[in-house]
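Student: Below, each chain spelled out in residue letters.
2 protein chains.
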Amino acid sequence: MKEAISEQYINNLLTQMDISDISKATIRQCVAVADNLEKHIQEPFIHLEIGVPGFEPCSVGREAQKEAIDKGVSSIYPPIGGIPLLKENASKFIKAFIDIDIEPQGIIPTVGSMQGTYNLFLECSQLDPKKDTILFINPGFPANFTQVNVLGIKNESFDIYNYRAEKLKPKLEEYLSKGNIVAILYSNPNNPAWICLTEQELKDIGDCANKYDTIILEDLAYMCMDFRKELSKPYQPPYQSTVARYTDNYILLLSASKIFSYAGERIAVIAFSNKMYHREYPALRERYGLGKMGDNYILTYLYCASSGVSHSAQYALAKMYGDAAEGKLDFVATLKEYADRANKAKKIFEENGFNIVYNKDLDQILSDGFFFTIGYRDMGCKELLTNLLRCGITAITLNTTGSLQNGIRVCVSRIHTQEEFKELDNRLKIFRTITK
Amino acid sequence: MKEAISEQYINNLLTQMDISDISKATIRQCVAVADNLEKHIQEPFIHLEIGVPGFEPCSVGREAQKEAIDKGVSSIYPPIGGIPLLKENASKFIKAFIDIDIEPQGIIPTVGSMQGTYNLFLECSQLDPKKDTILFINPGFPANFTQVNVLGIKNESFDIYNYRAEKLKPKLEEYLSKGNIVAILYSNPNNPAWICLTEQELKDIGDCANKYDTIILEDLAYMCMDFRKELSKPYQPPYQSTVARYTDNYILLLSASKIFSYAGERIAVIAFSNKMYHREYPALRERYGLGKMGDNYILTYLYCASSGVSHSAQYALAKMYGDAAEGKLDFVATLKEYADRANKAKKIFEENGFNIVYNKDLDQILSDGFFFTIGYRDMGCKELLTNLLRCGITAITLNTTGSLQNGIRVCVSRIHTQEEFKELDNRLKIFRTITK
Numbered sequence: 039m040k041e042a043i044s045e046q047y048i049n050n051l052l053t054q055m056d057i058s059d060i061s062k063a064t065i066r067q068c069v070a071v072a073d074n075l076e077k078h079i080q081e082p083f084i085h086l087e088i089g090v091p092g093f094e095p096c097s098v099g100r101e102a103q104k105e106a107i108d109k110g111v112s113s114i115y116p117p118i119g120g121i122p123l124l125k126e127n128a129s130k131f132i133k134a135f136i137d138i139d140i141e142p143q144g145i146i147p148t149v150g151s152m153q154g155t156y157n158l159f160l161e162c163s164q165l166d167p168k169k170d171t172i173l174f175i176n177p178g179f180p181a182n183f184t185q186v187n188v189l190g191i192k193n194e195s196f197d198i199y200n201y202r203a204e205k206l207k208p209k210l211e212e213y214l215s216k217g218n219i220v221a222i223l224y225s226n227p228n229n230p231a232w233i234c235l236t237e238q239e240l241k242d243i244g245d246c247a248n249k250y251d252t253i254i255l256e257d258l259a260y261m262c263m264d265f266r267k268e269l270s271k272p273y274q275p276p277y278q279s280t281v282a283r284y285t286d287n288y289i290l291l292l293s294a295s296k297i298f299s300y301a302g303e304r305i306a307v308i309a310f311s312n313k314m315y316h317r318e319y320p321a322l323r324e325r326y327g328l329g330k331m332g333d334n335y336i337l338t339y340l341y342c343a344s345s346g347v348s349h350s351a352q353y354a355l356a357k358m359y360g361d362a363a364e365g366k367l368d369f370v371a372t373l374k375e376y377a378d379r380a381n382k383a384k385k386i387f388e389e390n391g392f393n394i395v396y397n398k399d400l401d402q403i404l405s406d407g408f409f410f411t412i413g414y415r416d417m418g419c420k421e422l423l424t425n426l427l428r429c430g431i432t433a434i435t436l437n438t439t440g441s442l443q444n445g446i447r448v449c450v451s452r453i454h455t456q457e458e459f460k461e462l463d464n465r466l467k468i469f470r471t472i473t474k
Numbered sequence: 039m040k041e042a043i044s045e046q047y048i049n050n051l052l053t054q055m056d057i058s059d060i061s062k063a064t065i066r067q068c069v070a071v072a073d074n075l076e077k078h079i080q081e082p083f084i085h086l087e088i089g090v091p092g093f094e095p096c097s098v099g100r101e102a103q104k105e106a107i108d109k110g111v112s113s114i115y116p117p118i119g120g121i122p123l124l125k126e127n128a129s130k131f132i133k134a135f136i137d138i139d140i141e142p143q144g145i146i147p148t149v150g151s152m153q154g155t156y157n158l159f160l161e162c163s164q165l166d167p168k169k170d171t172i173l174f175i176n177p178g179f180p181a182n183f184t185q186v187n188v189l190g191i192k193n194e195s196f197d198i199y200n201y202r203a204e205k206l207k208p209k210l211e212e213y214l215s216k217g218n219i220v221a222i223l224y225s226n227p228n229n230p231a232w233i234c235l236t237e238q239e240l241k242d243i244g245d246c247a248n249k250y251d252t253i254i255l256e257d258l259a260y261m262c263m264d265f266r267k268e269l270s271k272p273y274q275p276p277y278q279s280t281v282a283r284y285t286d287n288y289i290l291l292l293s294a295s296k297i298f299s300y301a302g303e304r305i306a307v308i309a310f311s312n313k314m315y316h317r318e319y320p321a322l323r324e325r326y327g328l329g330k331m332g333d334n335y336i337l338t339y340l341y342c343a344s345s346g347v348s349h350s351a352q353y354a355l356a357k358m359y360g361d362a363a364e365g366k367l368d369f370v371a372t373l374k375e376y377a378d379r380a381n382k383a384k385k386i387f388e389e390n391g392f393n394i395v396y397n398k399d400l401d402q403i404l405s406d407g408f409f410f411t412i413g414y415r416d417m418g419c420k421e422l423l424t425n426l427l428r429c430g431i432t433a434i435t436l437n438t439t440g441s442l443q444n445g446i447r448v449c450v451s452r453i454h455t456q457e458e459f460k461e462l463d464n465r466l467k468i469f470r471t472i473t474k
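Chains V and A, in that order, give the protein sequences.
Following the numbering used here, the numbering of the first sequence begins with 39 at its first residue and continues without gaps.
Following the numbering used here, the numbering of the second sequence begins with 39 at its first residue and continues without gaps.
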C-alpha cells in the first residue's frame with residue numbers, strides 16, 4: 039500500500055452499507071467493510087478483526103470424525119446430552135489440564151460456546167424470579183451482549199480496567215448486594231484484553247459466588263494460552279487457573295474452536311459443577327415439569343434449540359480430548375505460535391507510537407497470545423478505527439467489548455508471514471502521516 | 039412377550055422417574071420409560087414413539103462431508119448464511135421438487151429445523167409490537183410448543199380435525215381478525231397425523247396470509263412423502279404442495295433428517311420467499327441496527343444462537359440437494375419403504391380393533407407414510423398409552439401434539455422386520471385381553 043484511502047470514500051461506503059457508526063459495527067460488519075475496501079484498493083487488507091483459528095484443524099479429530107461418518111452416525115440423532123465417550127474424555131481432559139473433578143454427566147456438548155452461553159443466559163434468567171440479571175465483567179465478547187439483547191434478558195456490566203486486585207471484590211459486591219444478579223460471565227484469558235485473573239482475584243470471585251449464591255459462567259475459550267506458565271503437561275502443575283477451585287457455583291465453557299482449531303464444526307462443551315448439575319429449582323419444575331438445572335439444560339433448552347450437536351463432530355472432539363489428556367496430543371505447543379505473532383505485532387505497533395491498553399496483570403506484564411489491545415495517544419475508538427481502515431487495517435473497537443477505554447482489539451490469527459508483518463509496519467507508518 | 043407388565047409396576051416406575059402423567063410426557067421421556075421397562079422384561083420394546091430415520095445416511099452426502107473435512111473446512115468458521123454451493127443447490131432442489139423460485143440468498147442452513155423454527159418464532163415475535171402471537175394449526179410437533187414456552191412467546195392453536203375444507207378459512211379468520219397473529223405454523227404432510235392439506239386449503243391459508251399480512255411458516259420435513267402422488271421426478275409435475283403458490287408471505291422449513299436420513303449431523307435449511315427475505319421491519323432496525331428480516335435472521339439470530347452450522351455437513355447437504363435436483367439421487371424411492379411399513383402396521387392395528395383417528399383428506403384416504411394416528415374405542419390418551427406400555431409398546435399421545443382427539447401417534451421408522459410386525463400383532467392381542 040502506498041497511500042491511504044480517502045476519508046470520504048470510507049464514509050460513503052459506510053453510508054451505503056447502512057453502518058451509521060463504524061465504532062459500533064459488529065465483527066461481521068467489519069469483515070464486510072474490509073472486503074469492500076479490498077476490492078477498491080485491489081490489495082489485501084491486514085485482518086486483525088476476526089478470531090479465526092490460524093492453523094489446520096487438528097488431524098486426529100478429523101480422522102475420528104470421518105471414521106464416525108463411515109460407521110453411519112449421520113443418520114442417528116445424537117444423544118442431546120452428548121455421546122458417552124465425549125463426556126468421559128472431556129472429564130479426563132478437565133482433570134488433566136484444569137485439575138478439577140467433574141462428573142461426565144454434567145459435561146454437555148453445544149453448537150459452539152455460542153450456543154453454550156446463549157442457553158445458559160436463558161436458563162439462568164428463569165431460575166428464580168427474584169434474580170433476573172446477568173453481570174458481565176468486561177471487556178468481553180460482543181456477541182454475548184447481542185445474546186442478552188436478542189433474548190431480552192436484563193444485564194449489567196463494568197470494565198475491570200480500574201478494578202483489578204483488591205478493588206475487584208468491593209466492585210462485585212456493589213452489584214451482588216442488590217440481590218438481582220443470578221450469574222456472572224467473564225473469559226479468562228480475557229477476550230479481548232488478554233488479561234488473566236490472578237488466583238486472588240479468582241478466589242474473591244468464588245467467595246462472592248458463595249456469599250451471594252451467584253453462578254459463575256467461566257469462559258475458557260483460550261484455556262492454557264497464558265504462555266507465561268507451562269500449562270501443556272497433563273496431570274502436572276501448574277494448571278489453568280479457574281474459579282472452580284474457590285466455589286461450587288460454577289459452569290465452565292470450553293470451546294474447541296481455538297484450542298483444537300476446530301471452529302468449522304461448531305462444537306464446544308459446557309461443564310456443570312457436580313453441585314450445579316443436580317441443583318433443583320422450583321421455578322424450573324413449575325415451568326417445565328423438571329427441576330434440575332442440568333436435566334433442563336439438556337432436555338428443555340438444548341432439545342428445543344437444536345436437538346444436540348453434530349454426531350460426527352462429537353467423535354472428533356472426544357478423540358482430541360482423549361489424546362490430549364493422555365499426553366499424545368500437545369495442543370498447547372501448536373498454540374504458542376500465537377504468542378510469537380503477538381510479540382512481533384506488539385513491537386511493530388509500539389515502534390509506531392501505539393500503546394498497549396490493557397497491559398498488566400497487577401505487576402506482571404501480560405502474556406502474549408491470541409489478542410491484545412492497542413490505543414494511539416488520546417484518539418477515540420471511532421477515529422482510530424477509521425484511520426486504520428484508511429490504511430488497510432481492520433479490527434474491532436474496544437467500546438464494542440464493553441470496555442470504557444479508547445483503543446482497538448488486535449487478533450493475530452490472520453497475520454503470520456514476514457511480508458505481512460512488514461506490510462503492517464508500512465501501513466502504520468502511513469497511519470502516522472495521516473494522523474499527524 | 040407372554041403377559042402384560044402389571045399396572046402397578048408401571049405406576050411405580052413413573053413415580054420414580056418423576057413423571058406425574060404419562061400422557062403429558064415428552065418423546066424423550068417416553069424413550070426413557072421404555073428403556074427402563076425393557077430392562078425389566080428383558081425383551082425389546084416396540085418403539086413407535088420417536089421418529090428416527092430408518093435408513094442408512096445418504097452415501098453421496100457422507101462422501102462429500104468427508105471430502106470437505108479432508109480439505110480442512112473444520113478449522114474455518116462457516117459463513118453464517120451458508121456456503122454458496124448449498125444455497126445454490128437448495129434453490130435448484132426447491133425448484134425441481136416444489137416448483138417454486140427462491141433466490142439462493144434467502145436459503146439459510148440451520149442446526150436442524152429445530153433451530154429453524156426456534157429462531158423464526160423469536161424473530162417473528164419481535165417484528166411488530168402489535169403482533170406478538172404465533173398460531174399453530176394442530177396437531178403438531180410437541181417440541182415447537184416447548185420452544186414458545188422456553189422463549190415466553192404468546193401462542194394460540196386449534197385442532198384441524200373439525201376444520202378441514204371450507205371450514206378452515208373461517209376458523210383462521212376467527213384468529214387473524216383479532217390482529218395479534220404474526221405467523222402461522224403447520225407441517226405438511228402433517229406430523230403426527232399425516233394429513234395433507236388440499237390445494238384449496240393451501241389457497242385459503244395463502245389468501246388469509248395476504249389479507250391479514252401474516253407470515254406462513256410451512257414445515258416440509260416430510261416433503262414428497264405423500265405417496266399417493268408421484269413426486270420423485272425433478273422438474274416434472276406433480277410437485278410437492280405448498281402455500282408458496284398462493285402467497286409471498288412464506289418461509290419454508292426443509293429438514294434433511296428424514297428426506298436424506300441425515301438426522302445425526304443436525305442440518306436443515308429455511309427458505310425465505312424473496313419478498314420476506316428483503317422485507318424491512320422498523321422494530322428490528324431499532325433494536326438491532328439492521329432492518330431486513332433475512333439479514334437479521336442470519337446476522338442477529340443465527341449468529342448469536344450458534345454462529346452457523348457444521349461446515350462439513352453443509353457440503354454433504356449441498357451435494358445431496360444437487361444430485362437430487364439433477365435426477366442422480368432418487369430420495370423418494372428410498373422413503374417409499376415407510377409407506378409399506380405403515381400399510382402393514384395399520385392393518386395389524388385395525389385387525390385388533392383399533393381405528394385410524396385422522397383418516398381422510400376430505401374424501402381421500404390418507405397416504406401411508408412416516409406417521410399415522412390410532413385410537414381404541416373411547417379410550418383416553420393416558421389409559422391407552424399406559425395399556426400399550428404394559429404390552430411392550432411405546433408411542434406418544436395425541437394430546438401432546440395439540441390434538442383434541444383420543445389416541446396415539448405411531449411412527450414406523452423403527453419397525454421393519456417380519457418378526458417385529460408379528461410381535462406387534464402378538465402384543466396387541468395381549469392388549470385386547472387386558473382391556474376387555
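Calculated from the structure, these hints are not laboratory results.
Just so you know, not all the hints are guaranteed correct.
Calculated cross-link-like contacts (lysine-lysine; reagent style DSBU-like; alpha-carbon spacing at most 30 Å) [said to hold, decoys possible]:
(1) A:Lys241 / A:Lys313
(2) V:Lys366 / A:Lys104
(3) A:Lys313 / V:Lys62
(4) V:Lys267 / V:Lys169
(5) A:Lys330 / V:Lys62
(6) V:Lys104 / A:Lys313
(7) V:Lys130 / A:Lys104
(8) V:Lys168 / A:Lys169
(9) A:Lys192 / V:Lys330
Owing to the predicted nature of the structure, the values given are computational and were not obtained by experimental measurement.
Student: When the structure is checked against the list of hints, which entries are broken? Sort them ascending.
Tutor: The structure breaks hints 4, 6; every other hint is satisfied.
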